[in-house]
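Here the protein sequences come in this chain order: A and B. Numbering follows the working numbering, in which position 63 of the first sequence is assigned residue number 63; successive positions increment by one, without gaps. One gets the working numbering by counting positions in the second sequence from 1 and adding 1000 to each.
Simulated from the structure, these hints should not be mistaken for laboratory data. Hints are not guaranteed to be accurate.
Claimed, not checked - Calculated cross-link-like contacts (lysine to any residue; reagent style SDA-like; alpha-carbon spacing at most 20 Å):
1. Lys106/A x Lys1188/B
2. Lys106/A x Tyr1153/B
3. Lys106/A x Glu1133/B
4. Lys106/A x Asp1155/B
5. Lys106/A x Asn1096/B
6. Lys106/A x Leu39/A
7. Lys106/A x Thr1150/B
8. Lys106/A x Val1156/B
9. Lys106/A x Leu1170/B
10. Lys1210/B x Tyr202/A
Unchecked claim - Covered, in the sense of this in silico footprint (three residues per stretch, anywhere, with C-beta under 8 Å from a C-beta of chain A), are these stretches of chain B:
11. 1063-1070
12. 1157-1165
Glycine is no exception: its CB is placed at the ideal position from the N, C-alpha and C atoms.
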Amino acid sequence: MDSLLASIEALLADNTIFTLDTLSYYGEGLTTTVQLVFLSLIVGLIAAVPLAIGRGSKRRWIKMPIFFYTYVFRGTPLLVQLYLIYYGVVFVEGIQDTWLWVLLEKPFFPALVAFSLNTAAYTTEIFHGAIKATPRGEIEAARAYGMRYSLMMRRIVLPSAFRRALPAYGNEVIFMLHASAIASVVTIMDLTGAARFVYARYYAPFDAFLFVAAIYLCLTFAILYLFRYLEKRLLAHLKPASG
Amino acid sequence: MTLRKLFTAGLIGTAVLASTAQAEVRDIRIGVDVPYEPMEYRTPDGELTGFDIDLGNALCAEVGIQCEWVVQGWDGIIPGLMARKYDAIMSSMTINDERREQVLFSDPYFTPPSAWFAPTDLEMGNPDVESLEGLTIGVQRGTLQDNYVTDLYGDVADVSRYATADDLVLDMDSGRVDIGFLDYPVGKSTLLDSEAGDYKVVGEQITEPKEYFGDGFGIAFRQRDEDLAKAFNEALATLKDNGTYEEIHAKYFAE
Chain A
1 MDSLLASIEA LLADNTIFTL DTLSYYGEGL TTTVQLVFLS LIVGLIAAVP
51 LAIGRGSKRR WIKMPIFFYT YVFRGTPLLV QLYLIYYGVV FVEGIQDTWL
101 WVLLEKPFFP ALVAFSLNTA AYTTEIFHGA IKATPRGEIE AARAYGMRYS
151 LMMRRIVLPS AFRRALPAYG NEVIFMLHAS AIASVVTIMD LTGAARFVYA
201 RYYAPFDAFL FVAAIYLCLT FAILYLFRYL EKRLLAHLKP ASG
Chain B
1001 MTLRKLFTAG LIGTAVLAST AQAEVRDIRI GVDVPYEPME YRTPDGELTG
1051 FDIDLGNALC AEVGIQCEWV VQGWDGIIPG LMARKYDAIM SSMTINDERR
1101 EQVLFSDPYF TPPSAWFAPT DLEMGNPDVE SLEGLTIGVQ RGTLQDNYVT
1151 DLYGDVADVS RYATADDLVL DMDSGRVDIG FLDYPVGKST LLDSEAGDYK
1201 VVGEQITEPK EYFGDGFGIA FRQRDEDLAK AFNEALATLK DNGTYEEIHA
1251 KYFAE
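Please construct the entire structure, taking both the sequences and the accompanying hints into account.
Right, here's the structure in full:
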């Protein structure tokens, strides 16, 4: 490991900006960004499934609150949501004395909450659309077999809805990655935070931001590749028959 | 022939002497851009005042000349010097190499200080590596304070970087930031003089090392006015020795 570091250092010897020191900032930033985006996507995904089913419910008291939630979170900028959650909680009297403060003191958790709520709102709408688009014939067939609502959802509606939602959801994942760039406004040292730090330190906007743009491109490419693979596997039945 | 040479030499000598003497006693005008509190600003009745103005007047008195202040916008302040609208600039001008190519600077007369600010209940002596360990330090992103803290304490403390001083104050209010390192005037106006009011300065004001805090402010003259610059440098040294400088400094930067 030491010899590896030494060889990298030798490689970077002529470089005034990209020293081992600054690269370690980018490295930490990469870890933070991936953690933040990955965790919020997981939370958002788990929350979105029941919300999407509820969103299509016939009962108004289930449907309307969920609609209100997605409307608010899709209708306001993520930056504003992040500010409200990060700085807003402070104005709750006496919050510093509760156990919540352990989580809210550092910027990571408030950002995670904001991102999760935001992506959950979008994912809910994506899934809701996909569920609504289930062909009537499939539902009628399930009923003809005497399936209960829950069984029908589990066996028929959700599996095909997930497949239909896949391309749109892949977009949401990429949007989330790019939206996470605003995390640095609440002092999180994510990828963009690292780039802003290097920029301010060396007055080198091009080098700092081009480098970070390249990292984002690599991440996006990895996500694209993953979703293309999933689509190939899960949507195989939609491909035109060859031959 | 010899006599004539001698006469010429004498003539030149007298001329040189006369011009030097003249440069030292000549009354001058000084260009200044207002307002930039507390360095230079106007009192409610329109009088010019501030650290630069008081120190400038004291320097002129020490040199033994009359000084007149000329107000000039910052954009045209160096061209105005070249165009002889005034003979010196004393307007919180940071000494740097770019400006050195155009003007002649006096010795630095002031380095804007930075200071540590914390809630009054934080108990700490002079902040150092040991006392700052494990704390969260707030700075404005990309400022010299950011560089200073990152290099000296980045390994032992958490450094939180904010876009504006207001965001930093908000997080200090809520207890997310333990101690902030700011431009002294900025910290004074946003923390010490604010409504919240429960803040104090921790330790000394910091202006060293030069690597971070720069060369400080200098008085700018035209390149050829070396005698004038020399006279001001001597006067500045005298004022620092006899306590006048300290007195003026305390008037505007007392804690």
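Each hint tested on the structure:
1. Lys106/A x Lys1188/B: The hint is violated at about 26 Å.
2. Lys106/A x Tyr1153/B: Between Lys106/A and Tyr1153/B the Cα gap is close to 19 Å, so the pair holds against 20 Å.
3. Lys106/A x Glu1133/B: holds, 17 Å
4. Lys106/A x Asp1155/B: Holds, at roughly 18 Å.
5. Lys106/A x Asn1096/B: violated, 39 Å
6. Lys106/A x Leu39/A: holds, 16 Å
7. Lys106/A x Thr1150/B: It holds: about 19 Å lies between the C-alpha atoms, which stays within 20 Å.
8. Lys106/A x Val1156/B: Holds - the C-alpha atoms of Val1156/B and Lys106/A are around 17 Å apart, at most 20 Å.
9. Lys106/A x Leu1170/B: OK: Lys106/A and Leu1170/B at ~14 Å, within 20 Å.
10. Lys1210/B x Tyr202/A: Holds, at roughly 17 Å.
11. 1063-1070: Result for this restraint: violated, n = 0.
12. 1157-1165: Three-residue rule met by the region 1157-1165 of chain B, so holds; n is 4.
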